[in-house]
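*Asks:* Here the protein sequences line up with chains A and B, keeping their order.
Going by the numbering used here, the residue at position 144 of the first sequence is 144; the numbering climbs one at a time, nothing skipped.
Going by the numbering used here, the residue at position 13 of the second sequence is 305; the numbering climbs one at a time, nothing skipped.
Honestly, I wouldn't trust all of these hints.
Claimed, not checked - Short, incomplete list of chain A residues facing chain B, as computed with Cβ under 8 Å:
id, residue
1, V145
2, T146
3, E147
4, Q148
5, D150
6, A151
7, S154
To be verified - Chain B is nowhere near these chain A residues, computed Cβ spacing over 10 Å in every case:
id, residue
8, T82
9, G102
10, A135
11, T142
12, M143
13, I153
14, Y162
15, L173
16, V188
17, Q244
18, T255
If you are wondering where the hints come from, they were derived from the structure by calculation, not from laboratory data.
Source: prediction; values computed, not measured.
Beta carbons are placed, not taken as given, at the ideal position from N, Cα and C, and that holds for glycine.
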Amino acid sequence: MSTIPSSSPEEFSLNGGTTEALHRWVSDWGEMVVDALVSLGDMAIFAGQLFRWMFAARPSRGTMLPNLYHVGVLSLPVVALTGTFIGMVLAVQSIVQFRNLGLESRLGAVINMSLVRELGPVLAATMLAGRVGSAMAAVLGTMRVTEQIDALISMGANPIHYLVVPRFLACILLIPALTVMADFMGIVGGYFYSVVMLDIDHYQYLNNSRQFVGGWDFFTGIFKSIFFGGTIAIVSCYRGFHCQAGAEGVGRAATAAFVFSFVLILGVDLILNILLDAIYAAIWPMQGAKLF
Amino acid sequence: MTEINPSQEVSQSLNASPLVELRAMTLEFAKQVILNQINLQIPRGQTVAVIGESGCGKTMLLKTIVGLIKPTSGSVHFDGRNIHTLSDYELTQLRCKFGFVFQNAALFDSLTIGQNVAFPLVQHRLASDRQIDRIVSERLIEVGLPPNVSNKRPAQLSGGMRKRVGLARALVLQPELMLYDEPTTGLDPIMSDVINELMLRTRMSKRVTSLIVTHDMRTARKVADRVVMLYPYARLKKGESQIIYDGAPEGLDATSDKRVRQFVEGEAGERLMELTRNQPRGFDETPDVSARFSSI
């Protein structure tokens with residue numbers, strides 16, 4: 001049955017259509033914001049349950065060891081390899097500018113400072129998010145889809161305690177080790193390319209590195225990595241637990257786990273850098289002032 | 293495997309107080325009503341088959357009873373206790389009295405068959421390692437599997453074997469209530485009958501109360517002593533109960549309700565007419581299909 005609009009078709013499409021489109025636009029955005037807030041709240045509750053179970057009961061050896069092996073041992077080669085390349089790439093990228101300024105000997109300080117403070121932890125976290133985070137989301141998503149999580153609950157086991165706590169602990173305990181590996185291999189890679197390939201003086205390179213890179217820089221990198229590890233575990237496990245049905249749902253959960261983890265790693269990195277620099281400035285006001 | 297008559301001894305074990313009771317239970321998902329005002333009592337020792345077409349809420353009913361899903365309104369009582377008002381600890385303890393056999397067995401891929409069967413015992417620290425090995429072997433033999441499957445992974449077993457492992461795992465804590473979610477779906481007729489016989493044996497030897505969700509009429513007739521049929525809420529008339537049949541399996545053929553008869557006999561009925569309405573033009577003009585419609 002057709003209805004005749006009271007106004008002309010042109011007027012109708014202009015006025016009615018625009019208002020309707022505006023309503024739809026506002027409603028879509030509103031829905032998106034509400035969904036995002038609900039999701040954020042859900043994730044906060046999920047993290048709260050995780051912390052409660054982490055202290056309520058110790059995870060068994062049988063659930064911890066496979067996760068430690070998967071997160072730590074199997075991630076080590078890929079983190080070492082990418083760390084080496086990043087160190088060498090930094091040398092390649094920086095040498096032209098430094099040579100123009102006659103500061104080749106300072107190359108070691110820049111490469112090692114960048115690696116220890118920023119690239120080492122972020123790189124290790126990115127590799128972990130890609131290698132382990134996606135796998136966590138896919139495994140837990142498959143368990144959700146195939147009712148294995150329901151089976152766990154029906155047998156009186158808590159899925160957060162059994163599945164999430166070991167993964168979270170493995171991530172926060174082993175990401176510092178992976179970061180140290182990324183730092184070390186990056187430093188080796190940068191040294192190799194600078195000293196062997198670019199003929200920069202060995203003594204100057206190391207001496208400058210030693211002067212500029214200190215314990216605090218090393219500490220900030222390791223400290224930040226613990227938060228990155230925790231973020232990866234929470235986001236990936238949450239995505240797996242809230243996986244939609246079917247193969248597409250599992251695939252989407254795995255992709256979303258990596259994307260959200262990576263975005264959050266960078267966000268957390270920014271916040272922690274500001275915070276740590278403020279702490280540094282408060283403890284050592286004279287040196288701290290140089291940072292700003 | 294010898295056949296066991298389901299009518300034997302069952303009536304003696306029935307008790308007046310229900311083990312499971314659903315009181316005006318309603319379940320909604322995203323404002324869509326799945327189950328509406330369900331009232332159901334399952335006495336101790338009884339085996340109830342819940343039948344109904346796909347999507348009518350049978351599995352949801354099962355998951356609500358075990359506490360995996362919280363009802364929107366109404367309550368679920370186990371042994372007189374409202375399970376949705378229990379604390380986490382109390383619910384965990386209560387779940388040790390349930391044995392749940394999932395549709396696709398839901399075995400843990402990362403564990404061996406032996407570890408899967410032993411899981412509830414290990415989780416609740418109910419036995420020593422040596423006792424666990426013995427119990428696992430016993431349960432596997434009970435479901436007709438050789439103990440040497442213990443070291444295999446779920447992926448290495450056939451569908452029927454996985455279902456039997458699922459049954460062995462559900463039985464390991466000697467539950468009071470067994471819940472089966474479509475136990476014979478996806479199995480060949482012989483393996484379906486093996487599963488039916490195992491459910492019968494379990495009922496006889498363990499004296500458990502059982503709730504079987506199925507759309508396999510052979511299972512319902514052979515294993516159950518009561519059949520409850522659910523009808524999709526969206527298809528009901530206003531004020532009509534979602535349980536359209538509740539009685540003995542023998543009464544299914546004599547019922548006057550056309551919907552029950554159609555389900556039992558496997559007839560599409562007016563669903564076929566709906567299919568015509570939704571088909572693109574020209575589809576329903578094929579002689580074969582129109583001939584089938586004319587007979588309705």
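*Asks:* Please go over all the hints and tell whether each is borne out by the structure.
*Replies:* We went through each hint and held it up to the structure:
{"no.": "1", "hint": "V145", "in the structure": "violated (10 Å)"}
{"no.": "2", "hint": "T146", "in the structure": "holds (6 Å)"}
{"no.": "3", "hint": "E147", "in the structure": "holds (4 Å)"}
{"no.": "4", "hint": "Q148", "in the structure": "holds (5 Å)"}
{"no.": "5", "hint": "D150", "in the structure": "holds (5 Å)"}
{"no.": "6", "hint": "A151", "in the structure": "holds (4 Å)"}
{"no.": "7", "hint": "S154", "in the structure": "holds (4 Å)"}
{"no.": "8", "hint": "T82", "in the structure": "holds (28 Å)"}
{"no.": "9", "hint": "G102", "in the structure": "holds (59 Å)"}
{"no.": "10", "hint": "A135", "in the structure": "holds (12 Å)"}
{"no.": "11", "hint": "T142", "in the structure": "violated (8 Å)"}
{"no.": "12", "hint": "M143", "in the structure": "violated (8 Å)"}
{"no.": "13", "hint": "I153", "in the structure": "violated (6 Å)"}
{"no.": "14", "hint": "Y162", "in the structure": "violated (8 Å)"}
{"no.": "15", "hint": "L173", "in the structure": "holds (20 Å)"}
{"no.": "16", "hint": "V188", "in the structure": "holds (36 Å)"}
{"no.": "17", "hint": "Q244", "in the structure": "holds (13 Å)"}
{"no.": "18", "hint": "T255", "in the structure": "holds (21 Å)"}
Violated hints, in rising order: 1, 11, 12, 13, 14; the structure is consistent with all others.
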